[in-house]
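Colleague: Start from the sequences, fold in the hints, and give me the full structure.
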Amino acid sequence: MLNVAVLISGAGSNLRAFLEAAAEADYPAHVVAVGADRDAAGLAHADDFGIPSFSVPYTSYPTRAAWGEELAVQLRAWDPDLIVLSGLMRLLPDNVVAEFAPRIINTHPAYLPEFPGAHGVRDALASGATRTGASVIQVDGGVDTGPILAQERVEIEPGDTESTLHDRIKPVERRLLIDVVRRIAAGDLAFS
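Under the numbering used here, the first residue of the sequence shown carries the number 161, and numbering increases by one thereafter.
Hints are computed from structural coordinates only; laboratory data are not their basis. Quick caveat: nothing in here was measured; it's all calculated off a predicted structure. Each statement offered as a hint is correct.
Derived DEER-like restraints, expressed as beta-carbon distance ranges:
no., residue 1, residue 2, range
1, 199, 226, 12 to 22 Å
2, 230, 315, 34 to 44 Å
3, 348, 313, 14 to 24 Å
4, 221, 324, 35 to 45 Å
5, 347, 223, 30 to 40 Å
6, 346, 313, 23 to 33 Å
7, 208, 287, 36 to 46 Å
8, 215, 287, 30 to 40 Å
9, 322, 273, 12 to 22 Å
10, 237, 273, 29 to 39 Å
Glycine included, every Cβ here is placed at the ideal spot set by N, Cα and C.
Modeller: Here is the structure:
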C-alpha cells in the first residue's frame, strides 16, 4: 500500500476524485494527509473522508524558503511514499524538491511541454490552438518541466471559454492521476 500526501490550494475537485478512488478496497494507495498553502476550501474533502489535514499558509512566512522548511516538517510527519500536487498553485521551494524528489508528482491542465505555468488553459485558448490536454508529471526544480508520466489530448471546441475547456480537462486529469498512482504502487511506473 502506497502512502500518499496530497497538497492543494483551492476547492480540491481533483482531490475529491482521488479520495474517492483511494477509498475503494482494491486501490493500492492510501491518503495519509492533505495539506494546503492557505485556508483552502478543499480541506473539507479530507474531513469528509476522515483524512488528517494541515495548513502551512504561505503568507505566514517571511520567505519562500522558510515556508518550504515548515512544509517539509509537516510532510515528514506523515512519512509519505508519494506526494501529489493536486491544484497546488505555488512552486515548491528547492529544499522541498531536493528532499522529496523524485517522489513528487503534479497534475497540469495542458499537454506538456505545451502551455506550462499557472495559466495553461488560458494560454492554450489565447494561442489559437485546436487542442490541448492534461498531463501528470514528476516534479523537478522547474516550472512544469519534470518527466512526463502520463498525458492525453483534449480538443478545443469552437466557442470554448477558459471555464468550459477546463471543465473538460479536469476529468482527464483526474483519471490520469488515479491511474498513475495505481501504476506507481504496482511497480509498473518508475521515476526517472
